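K.L.:
Hints given; two lone chains; assemble the complex.
Protein sequences appear in the order of chains B and D. Position one of the first sequence corresponds to residue 1 (this note's numbering), numbered consecutively onward. Position one of the second sequence corresponds to residue 1 (this note's numbering), numbered consecutively onward.
It should be emphasised that the hints constitute simulated quantities derived from the structure, not laboratory data. All values reported here derive from a predicted model rather than from experimental measurement. Careful, some of the hints might be misleading.
Straight-line alpha carbon distances no greater than 30 Å define the calculated DSSO-like cross-link-like pairs of lysine-lysine that follow [what the hints assert, rightly or not]:
no. : chain 1 : residue 1 : chain 2 : residue 2
1   : B       : Lys-104   : B       : Lys-171
2   : D       : Lys-203   : B       : Lys-107
3   : B       : Lys-153   : D       : Lys-203
4   : B       : Lys-217   : B       : Lys-7
5   : B       : Lys-153   : D       : Lys-208
6   : D       : Lys-203   : B       : Lys-130
7   : B       : Lys-104   : D       : Lys-242
8   : B       : Lys-153   : B       : Lys-203
9   : B       : Lys-119   : B       : Lys-130
10  : B       : Lys-249   : B       : Lys-203
11  : B       : Lys-107   : B       : Lys-130
12  : B       : Lys-209   : B       : Lys-7
13  : B       : Lys-153   : B       : Lys-20
14  : B       : Lys-130   : D       : Lys-73
15  : B       : Lys-107   : D       : Lys-258
16  : B       : Lys-171   : B       : Lys-217
17  : D       : Lys-203   : B       : Lys-104
18  : B       : Lys-203   : B       : Lys-7
19  : B       : Lys-20    : B       : Lys-8
20  : B       : Lys-132   : D       : Lys-203
21  : B       : Lys-132   : D       : Lys-208
22  : B       : Lys-119   : B       : Lys-104
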Amino acid sequence: MSGLELKKVCKSYGAVEVIKDLSLQIESGEFVVFVGPSGCGKSTLLRMIAGLEDCSGGTVEIGGEDVTDAEPSDRGIAMVFQSYALYPHMSVRDNIGFGLSLAKTPKAEMNARVEEAAKILQLTDYLDRKPKALSGGQRQRVAIGRAIVRNPKVFLFDEPLSNLDAALRAKMRLELTELHANLNVTMVYVTHDQVEAMTMADKIVVLNKGVIEQVGKPMDLYNNPATAFVAGFIGSPQMNLLEGAAARKLGAEIYGIRPEHIDISRESGLWRSTVRQIERLGNDAILYLDVEDVGSLTVTTDGQTDVVIGDMLFATPQPQNEHRFPTIAR
Amino acid sequence: MPTAQIEKKPRKTSGSPYPLWFFLPAGVIYGVLFLVPTFASLYFSLTRWNLFNSTFIGFENFLSFVQEPFLIKGLINTVIFAVSTALLKTIIGLALGILLTSNIRMRGLLRTIAFFPILVSTIGIGITFAVMMHPTRGIINVSLELIGIDGPGWLTDPTLALYSVAFVEVWRGVGLASVIFIAGLVSIPRDYYEAARIDGATKWQQFKRITLPLVQPATATVMILSFVYGLRSFELIWTMTKGGPGFSSDVIASVIYKQYQAGFYGLSTAGNVILFILIAVMVMPLVAYFNRREVDL
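Next up, chain D with everything else stripped away, as it sits in the complex (with noise of 0.2 Å):
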């Protein structure tokens, strides 16, 4: 019986139903685009290089990147930049994704509008901000002048520069926050919400009892994402601030920036291993812990 004969068959890749060869031009792409750069970058770190020739020298690199004198303010930075950005992205992300699946009119455009700063280049984003929140002319402060308050400023103030640029942050990668929200919060079945509101749930109670358990998964990418994305922020703080003022507003990613600028390449590549492996040191914890509670729907 030819039937019985494919039963026996043993088959050589457990659990994928494509033969092994299917997997190669990705594997030939994520080999020469990642991890050729990924070790290259790691033999790098421990030499002094230029375009034309490298010297071993060990971990003199890491040394020198540990006892920079603002490393410890630019990795203070980088935390509060992350996580604050990560949890304002979160909650607006969640309370925008619920507001644009409830029933409002103009739903669509609304949604529409809320995605659109994904739409536009970071480096532009900057620059508009940088512009609109200059002290005197900025339209921000212009506006505050009209109702009588004299705005701060918002770029130059070393102890608001950073606080700004998150905030922008946060405009910027909300959207893309909501849109993730919206996905998690539709696949959640009418059902249950009928079922509570006929156990006596109140608004409040189903989000908190169903909503918020059941969006988990969208929460956990949303977290994730942002909190990386805030670890190894650059462009945004480059453009707007250049890490200043003084260094106030300096992160990892623009320290590492300024030496390589400075022509410190084994250095800048030392100090781009050192981020890598902080973000995988705190962000797996993060994912860990998120995988733990996830929730079949």
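The following block holds chain B by itself, in its conformation from the complex (with noise of 0.2 Å):
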């Protein structure tokens, strides 16, 4: 048993709340994902969460066990930085095996639990370099190779793959889901990128402005948005949302369409449009355009479509892919 629960917990940083009574259940084994904009206290939640910082008011628990004022390193958990905070002046092995050292771990299983490590990691032959030798990708398996092998019940991420670049990110996507399900551990992730959120959670959490808009699966969030934050958070591009007159006109006070959901033609449909922009992907073109009293529209459209610049089309949307919200977006 190492599932997770926050029960009421809230932070504030003198008058300013950051957390607001936020209750969350984190099953045993199962890959969450926190996420929302840059200040949601995502991060905050994480650092709550690993005892970096005080709770407010609530209480934590892991395993069932109410760890609300345990020291960081009583709770069975495990932290990848979003710097990886690995020490300069020690090898990857020293780095790796930093925590079983301060615990006086007897050498020769330090040496076998970190030499474990590595082969997971493929990391044993740069076991004797310093993290500066190391590349990006490289330096964040040693600081999940830290984390590893402290053997704990909850590994926590907070944004571990926003300093990598765009290929290298989408390789240790993959990693870390494979290491999750050959760990099978409690994994929480803190993310503003909605692409990790989607393809690597069991259960994503959207966060915004320190409180719960929705926890889901990634497809029920993406299927069924409870809000218009969610709604346009999850997916990309981002689902259309129309305010104002052409929501009303369409029976909602915000009327979501995503843009893979909007059918284009040249000769007749729900909104007549100008091509404004568009930026072929291959497989797939992004079409941005103008509709009258509607404003600026998202569409995706096969990449192999002629539409230029200028061009004078038709957009519907399919009406089993509507989303109405009743109130405004927060």
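P.N.:
In structure tokens:
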């Protein structure tokens, strides 16, 4: 049993409330991703789980045990930092074994555990190098190695891939997902990148201004966003969200339709529009349309489309994929 | 293509973005104020000279300086003074640096107070402390008397005088040391300490395994600066004890000054050259040692 439960936790700095009465249940072995824009409190929440920030109220339970006032090292967690936090004066071996050496683990056992972690992460050849002599991806792996050797109940990741380039990020995403499958431990992962959230998570927690907007499986969030905020945050390119008269005409305060759920035609349709810009991605093309009385509309279409800038097109939302939200987006 | 032409053009000064003549003003100043006096003093140390003329006498000055009866005592005192002040400034400076980077109240005020002695002239400090350390009327011994302790003659006891001056030198220099340490300490990322906390490091382990190795560039700077300053220290010793009582707190610089006062200009110049070589010989290995251990953050 290594689940995690937050019960009515809150955090404020002076008069500023960063986390408001937040409750969340994370099952044992789950890969949970906290996602949200900068300043939504996701990193603060992770640091509260780690014990690096005190809770202003509420309780944190790990493996059924109340750890709200426990030291970070007594919580059975390991954390991978955005900066990796690798000690520059220590070799990869010493970095990975740092926690073990603090705990005065016998040398033979320490070496065995460090080498096992290095093997999992393909770092065996680099054990005697300093972090400076490693690439970004390798440093990332050392940081993960340092977490693995502690045998934690819960892994915490604070935007671990944000310092890597796009190709490496995609590769590390896959490696982390596989690592999770192999180790079968609870992982909590913070990111502002909805692609990371969608691809890696068993469960996504969308945070906004210190409160949970929605919790659910990635595809549930994509198919049935609870609020306009979630709708706008999950999915790429972003969902079209119409407000005002255009939305009311379609029976909602906020009307949402994803770019991939709009059909285009040269002959007829709901919205008459002009093509303002085209982004060709190869397999897909993203059209930016100007629609009279509605505004700007993003549409995803086939990459081989012969549409050019300035073309006149009709755009029609697929009725089965429409979203209607009652309140204005926060 | 213009860009290709620019790339082909060979660069005259490798590694520097500036043309050579940019360095001229600094070079002239350095030459006139440093190189010329250095080589002039090298020459004059081989002569018997006064303001108007000089006679070349070879290494005679060096020979008589080395035979100076109190030179060995002065040499030992110099090393004791330099080593003890450098070590104490480093240790106390680091401790103050850590205190003044922690979350204490009135941190800004405390930093200013720690730095304050730097702003006072060394001569002023020397005179003030000499008055404070007066055996019967000084505030230190008067205060000690109030609690029933018979204070020693801080500057009049030959076994104590050098250490009393060293104490004042530490007081004077520790502010600068702590400022250098503060700069070094704040450049260590906070993540390192948080990662260590998660790994279960105690405060002492964090200090030993993270702070100490990573603040090492600052340690090296403080050590080397204080050591060099200690080796050529003069003002405090001269204002507080004049090398006395007797020759008990003489250092090389005060021995040189006494010869200069007595009119042996060539001799004192030779002493300066010896001091210069001594500093170089003692400091070079120290610099090399610290450079080898330097860590990039």
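K.L.:
Please go over all the hints and tell whether each is borne out by the structure.
P.N.:
Checked hints:
no., hint, verdict
1, B/Lys-104 <-> B/Lys-171, "violated, 35 Å"
2, D/Lys-203 <-> B/Lys-107, "holds, 23 Å"
3, B/Lys-153 <-> D/Lys-203, "holds, 24 Å"
4, B/Lys-217 <-> B/Lys-7, "holds, 21 Å"
5, B/Lys-153 <-> D/Lys-208, "holds, 28 Å"
6, D/Lys-203 <-> B/Lys-130, "holds, 24 Å"
7, B/Lys-104 <-> D/Lys-242, "violated, 55 Å"
8, B/Lys-153 <-> B/Lys-203, "holds, 18 Å"
9, B/Lys-119 <-> B/Lys-130, "holds, 18 Å"
10, B/Lys-249 <-> B/Lys-203, "violated, 35 Å"
11, B/Lys-107 <-> B/Lys-130, "holds, 20 Å"
12, B/Lys-209 <-> B/Lys-7, "holds, 18 Å"
13, B/Lys-153 <-> B/Lys-20, "holds, 26 Å"
14, B/Lys-130 <-> D/Lys-73, "violated, 47 Å"
15, B/Lys-107 <-> D/Lys-258, "violated, 61 Å"
16, B/Lys-171 <-> B/Lys-217, "holds, 22 Å"
17, D/Lys-203 <-> B/Lys-104, "holds, 16 Å"
18, B/Lys-203 <-> B/Lys-7, "holds, 18 Å"
19, B/Lys-20 <-> B/Lys-8, "holds, 8 Å"
20, B/Lys-132 <-> D/Lys-203, "holds, 26 Å"
21, B/Lys-132 <-> D/Lys-208, "holds, 21 Å"
22, B/Lys-119 <-> B/Lys-104, "holds, 23 Å"
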